[in-house]
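J.: So the chains spell out like this:
Number of protein chains: 4
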Amino acid sequence: MTAVAEPTTLPQTQGGNQQNYDVKDMALADKGKLRIEWAEAQMPVLRQIRARFAAEQPLKGIRVSACLHVTTETANLARTLKEGGADVVLCASNPLSTQDDVAASLVRDFGIPTYAIKGEDTDSYYRHIRAAIAHHPHVTMDDGADLVSSLLFISLNRLADVHPVVAEWASHLSEDERKAIHDEIIGGTEETTTGVIRLRAMEQDGVLSFPVVGVNESDTKHLFDNRYGTGQSTLDGLLRATNILLAGKKIVVAGYGWCGRGVASRAKGMGAHVTVTEIDPIRALEAIMDGFTVAPMHEAATNNDVFLTLTGDLHVLDEQHFNAMPDGAIIANSGHFNDEINIPALEKMAVSKRTVREFVEEYTLPDGRHIYLLGEGRLLNLAAAEGHPASVMDMSFANQSLAAEYIVASGKSLDKRVYVLPKELDSEIARLKLATMGIEIDTLTPAQQKYLTSWESGT
Amino acid sequence: MTAVAEPTTLPQTQGGNQQNYDVKDMALADKGKLRIEWAEAQMPVLRQIRARFAAEQPLKGIRVSACLHVTTETANLARTLKEGGADVVLCASNPLSTQDDVAASLVRDFGIPTYAIKGEDTDSYYRHIRAAIAHHPHVTMDDGADLVSSLLFISLNRLADVHPVVAEWASHLSEDERKAIHDEIIGGTEETTTGVIRLRAMEQDGVLSFPVVGVNESDTKHLFDNRYGTGQSTLDGLLRATNILLAGKKIVVAGYGWCGRGVASRAKGMGAHVTVTEIDPIRALEAIMDGFTVAPMHEAATNNDVFLTLTGDLHVLDEQHFNAMPDGAIIANSGHFNDEINIPALEKMAVSKRTVREFVEEYTLPDGRHIYLLGEGRLLNLAAAEGHPASVMDMSFANQSLAAEYIVASGKSLDKRVYVLPKELDSEIARLKLATMGIEIDTLTPAQQKYLTSWESGT
Amino acid sequence: MTAVAEPTTLPQTQGGNQQNYDVKDMALADKGKLRIEWAEAQMPVLRQIRARFAAEQPLKGIRVSACLHVTTETANLARTLKEGGADVVLCASNPLSTQDDVAASLVRDFGIPTYAIKGEDTDSYYRHIRAAIAHHPHVTMDDGADLVSSLLFISLNRLADVHPVVAEWASHLSEDERKAIHDEIIGGTEETTTGVIRLRAMEQDGVLSFPVVGVNESDTKHLFDNRYGTGQSTLDGLLRATNILLAGKKIVVAGYGWCGRGVASRAKGMGAHVTVTEIDPIRALEAIMDGFTVAPMHEAATNNDVFLTLTGDLHVLDEQHFNAMPDGAIIANSGHFNDEINIPALEKMAVSKRTVREFVEEYTLPDGRHIYLLGEGRLLNLAAAEGHPASVMDMSFANQSLAAEYIVASGKSLDKRVYVLPKELDSEIARLKLATMGIEIDTLTPAQQKYLTSWESGT
Amino acid sequence: MTAVAEPTTLPQTQGGNQQNYDVKDMALADKGKLRIEWAEAQMPVLRQIRARFAAEQPLKGIRVSACLHVTTETANLARTLKEGGADVVLCASNPLSTQDDVAASLVRDFGIPTYAIKGEDTDSYYRHIRAAIAHHPHVTMDDGADLVSSLLFISLNRLADVHPVVAEWASHLSEDERKAIHDEIIGGTEETTTGVIRLRAMEQDGVLSFPVVGVNESDTKHLFDNRYGTGQSTLDGLLRATNILLAGKKIVVAGYGWCGRGVASRAKGMGAHVTVTEIDPIRALEAIMDGFTVAPMHEAATNNDVFLTLTGDLHVLDEQHFNAMPDGAIIANSGHFNDEINIPALEKMAVSKRTVREFVEEYTLPDGRHIYLLGEGRLLNLAAAEGHPASVMDMSFANQSLAAEYIVASGKSLDKRVYVLPKELDSEIARLKLATMGIEIDTLTPAQQKYLTSWESGT
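Protein chains in written order, with this note's numbering: chain Z, 732 to 1190; chain H, 732 to 1190; chain E, 732 to 1190; chain W, 732 to 1190.
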């Protein structure tokens, strides 16, 4: 990964970030701007919300720190928040997912301080999160809970548990200052399943100290973004990285959650032979009934061509599996963190390693077999492709926008736990989306409504 | 519908039903027995439960009144309950769904009093339910809540609301006797979505006076029975009734719940062009993203060939739709009740009506157009085909069996509301099923388990 | 199989067959008539041809002997020929495929002498073919070439090679009479791939002595009837015979011709896991790329649930495969002849055999395993279901009708070989079909037409 | 398009091209070499043929001029020919399809003179073809017949019909020299349907003066390359160019040939709603039965999102269609030539035009609607993606290799027409491919073989 220089201006501890940013190359802004507009054209729901936000200013005076994948769609979310009155700072939620042209345009064309460089090293990654913390957010936005967990470690005075770059900075703060940063937070939002799992664990451990809306829990988020978005963009990433033929290829999809079934069904739709691995017997049965082979990974590893992980869990592909894989196996991750593949184990096993195509690392094992790791094990769709298509992020980020509005509106009256966006808001987003597609649906007649709430009439 | 004579022996008010039954023709028992065994061969999970029940006798001394579709699979459920010690009486939950050979064999070969005749009229239908009530059940089993609602009307002294055949009988009971029937009930189980909707309405109205396990809420029930079972058997019923070519046919699926999406995906898999109608915007969007056309029914009615309703709601196909349909339109229902199609309206509109094939009624409208109603608007898969395949009912009825055991074991300690079977039992059923298929799945390593419950490690 | 009595009146050697027929039960005619009309409603192309034939009388005075599956669709073909002026006699082309109600109605309502009884034994089968021969046809219509081959054996004086029932009758004819029967033939038509393979072998051997139009070679026949018709109706037969759940089931499809790929794709569309067996490496590769598993039968036999043969070849399932199959394996044939499964070998291996459901024979092997043979190994879709849907036979029989017209019109000017229907007639049928569906397509502009025939302009 | 400078060394009129080439940047060779090896790993059939060629030298002393898409797969074909003894020169068959890194590596690492620069203008394009002609080929290889047609024009002394760059050069040759170039040609090969259509037209016009093997006619070419290769890579190109969500998108596929059905089926497999346009009524019916909507383009144009042309014909999308399309319509071509979309008409209609993303031109029409043209209307999969995956080109180029060997071996004994590769060679390629996938298939037993060639045994 690229080592990245210090940001030109150190982030201030409060407000006034207008001149601060850290992007790769401002010369990319022109291209970024066009691409942001291209995405905007496919985000009609977010456009409608932005128009309302501009008129109603529901986020007026609110500082928002957003730690998200810096893509064209996120750019449109950030614009929406800003037009709603918010003072937004944006940092990357993944070292490989940043689109550098977008970051440049956000800074230059939309005045949004952005800290994100594709391929940044871990130090830079956390220096950028530090900038988001130093913004003193009222509202946090996370994609994987890295921002919230850093914030909580600081407020819990557990500096040993945060990254040194953040710890060093926090060590200069007094306990009061640390508390102040924390106490200003009204609440947060979280984009992913993985993040929600972490937040629920925080809730369980009694350390979650403000409400967080798990945007992923909205039907209009996880039913669409995960299934159709990840489903398509994972295959898109696979094709861009490798240009292999999917027809006839034997592909393992680890995990049959919404993401996994999105990938499995699309891979099948392209002619691949798909094997699913699962730990949940009910999901495993569904996969079988949906026409997929189901096997444990130690078996699947022996006779497949491609392995894609979408589990949210650790080391789903591990040493024993690398040992079993045929020569030429391609492995990639499309779950949130790059922990799903045990890369350190692979590094240790390999006698040599080289880059054979962009995003393709070839590991040679002692017995001469080659294993090809894509995108360093990071989210394949963001590393090798462009992330989710805009029209699906339209709904996810409509959820983010309404969640931010909801957090601000409900003030500190909410409990310190993970919330789901109210069902009416969720349905409203779907309704807006259908309208933009020109699609009408049925409504219940009064007689039908009554029928559904009565139990008296039978056969 | 066939008018049916009185049962040979009137049901007694308590126990001793051994000689009582009402079936079409005992001579059919041989064929029924073979078919029950054919189904048994495909119900390995239920077989395992039956073996355990025989050893453990968890239902010893328990009277069970089951109002279910009398099919080969139900026969195997009834055998399971009986071997578990229960005293079982069975009546039909739908006038058209009974398999007469199975009913005969249940009586002759398995000693289970059965009241069910395919094509029985409404009087007979309720006379049969009356027999189930007169059995003084400890546990009720419903498929659409007709048994429970009749029981509740009696205990609430609302005899005007029950069918006259039941009311007349109940009128001879003292209030104490009515109360006694009711008070003996420990709880019930309910098989369908439609029944659960009715039970929830009862709960809402404060009249549900014992706990009921909504078996349909189990993942191993609704994810499989509704999607794969109804999905396949609805098309099976359509083909048996009409022998039309599905490839290239334009088919409307009303409702994109589990049943609807099962039918839609299979119809597509057979080459049909599927249009979905919905009232829920989120489901409508899913249907679009899954590749289906979505339209309101008043539009869909104008240019499609076949209309299948799976909504659980009233008059989804109504006069305005019949008016709009092209000549030759085929309409059928695969939801629980025959209310989804407004048949009285169609009868009123038609200038003539005749049966053109078994299960196909031709209605001629004043302008000369013909509409073909299948299976009298009753559950198409049960009317024209054989209901769900045994291997999917294996799981549904494993749920029923474990639900009955759970109701008995938890005694009267449960609240008076609709319950879901505990998640562990649900997963256990899936686990048993996978084992019978010889399929192994992954299990979490301790490290993975820990990872899923911690929040500390991030990017 | 049912032993069948002699026809009431012996077929005369020439013309005047009006009183002659052999059907099961004339009382079934009412039901048959309604079903013939039901099919007619879905055969708009054939209806249009019938109207033209009635006006133009292209078959005036022509005797047609048709040896076809006696189904509702064939009834409509026979009506079409008759209205075109032909004197038609119809016999069954398969002992199990006759619909007895249709046969009765053909005789009673449409005046077409029909010789066909479902479940007839081989003697009766050939007695019926004999009646078709005794009709002294100008035009033959075959489905498997049984009529033509019997005719040729007679004309070649190879009486030892025909069935004794035919041989005995022919032995009473003088050589001149045998020659006369043969010389009156203008030509024939053949419906199936299997029949065309036999006819090509006759051509190769120099014994084919009149032209035959291989209707199956028309695109509007084999691309539709085989793929969509057999594809659907094979699964329909499987479900009616067994009521098994297809989702998750492991199904072997032997043969990846048009029939096989029709079945494979629909089985997949219903959630089955499909393995294809092939002898052609190119087709095998296509199957893999289309997402199917490919294996040799000896491997596939060991771990699948259902085996369907559609190869047109001999003993595709043989002793070694029965030995390898798991307990409970279901085997069925959807190719033309019942030779694809080596039933004699299975009979010999089995220690016992019984009928467990209609169309399901259970064979118990010495080691206790059971194998279930459907429909006696005869065409599954005709034995257990209703054959192809009318709307696909609409095109096949439009081809038959136009082929008969073509044979008559081209007189004896054609060579003694297998012909394909001219491309324009083939396209015309498709054009008529599209028109009945209300579908418009593009036409070439003059500029486009020119472009396609020029080579001068390039990049 | 980039204007390109003259090649550093002018091509000589005979042999000795070793120092001649015209590529973009030799510094790209490292990357190109790795990518050529990546493709090689997925071309096991070609590798086996290369090994045999190296041993047998079937092309020893043969000059080959290949006008093909300069991709990683073509590089491996060129290596195969060279190792077989040929003296190969390679030029681009499309101005946009060249992979510049591959071109550089071909020159530097494999010693193959290559003339190809991505984005070259028409002059450069024909200057490169001129170099291929000047190589005095014994064997030509074409992808669209541009090389052969130029050659023929020269030999026919129709210099007015060739591009000026070629004409100018040819004008310096004597008639004898022109004749010599032509007479040295033993024969050619052609890769595409489009090229074969042109060659057939030449044959029709009596100007084709040497045999050409239409490689596209091989089953192992068109059944795979067109359907699975173009099918996948067209969608890959669409996603790389636009990053739109396919699920729920309304896509028109013009043409239901092998390419079109490959795209249609995969688009459906990704959740798109596909409408097919056709001029052939039989193909149109197939499309309907396969589950696609069929409409004429003037109707389809009004309500779809994306339009892909794969017809091999002219102006399939024309002014009337642009006038009807909704705002935001995306149009692209995946047929061979960029004539399928009438781009000049679009240019004329538009009030402005700009590049909004790489490979995406936005045309604004007078009424404010925008139409987005991808890849300048050139082959989308080559312009915006990487062309066909290597594993499918493996078979196409195995055909090319064996076709070249066949041409050389059969010498001048062949007629002057378009040939198909002998069926045995075609099957052999499939057999090799299956072997590399470790897949075994069935073989006919002697009894089965006999059965297929006999006609005596029937029902």
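One or more hints might be untrue.
Pairs count within a copy or across copies, as identical chains cannot be separated in the list.
Unchecked claim - Derived DSS-like pairs: lysine-lysine, alpha-carbon spacing no greater than 27 Å straight-line:
1) LYS1181 - LYS1079
2) LYS910 - LYS999
3) LYS1143 - LYS1084
4) LYS1181 - LYS1147
5) LYS764 - LYS1147
6) LYS999 - LYS1154
7) LYS1181 - LYS981
8) LYS791 - LYS1154
9) LYS981 - LYS1147
10) LYS1084 - LYS1154
If you are wondering where the hints come from, they were derived from the structure by calculation, not from laboratory data.
J.: A separate judgement is required for each hint: does it hold in the structure or not?
T.: Each hint tested on the structure:
With identical chains, the CA atoms of LYS1181 and LYS1079 are at most 27 Å apart between copies only, with a shortest distance of 24 Å across copies and 66 Å within one. Proximity of LYS910 to LYS999 under the C-alpha cut-off of 27 Å is found in neither arrangement, the shortest distances being 52 Å within a copy and 54 Å between copies. Taking the shortest Cα distances, LYS1143 and LYS1084 never come within 27 Å of each other, neither inside one copy (52 Å) nor across copies (51 Å). In this homomeric assembly, LYS1181 and LYS1147 come within 27 Å of each other (Cα to Cα) only across copies, at 23 Å, whereas the closest approach inside a single copy is 38 Å.
Neither within a single protomer nor between protomers do LYS764 and LYS1147 lie at most 27 Å apart by alpha-carbon distance, with minima of 38 Å and 57 Å respectively. In this assembly of identical chains, the alpha carbons of LYS999 and LYS1154 never lie at most 27 Å apart, being 33 Å within a copy and 31 Å across copies at closest. Taking the shortest Cα distances, LYS1181 and LYS981 never come within 27 Å of each other, neither inside one copy (51 Å) nor across copies (31 Å). In this homomeric assembly, LYS791 and LYS1154 come within 27 Å of each other (Cα to Cα) only inside a single copy, at 25 Å, whereas the closest approach across copies is 45 Å.
In this assembly of identical chains, LYS981 and LYS1147 lie within 27 Å of each other by CA distance neither inside one copy nor across copies; the values are 45 Å within and 44 Å between. In this assembly of identical chains, LYS1084 and LYS1154 lie within 27 Å of each other by CA distance neither inside one copy nor across copies; the values are 50 Å within and 44 Å between.
Violated hints, in rising order: 2, 3, 5, 6, 7, 9, 10; the structure is consistent with all others.
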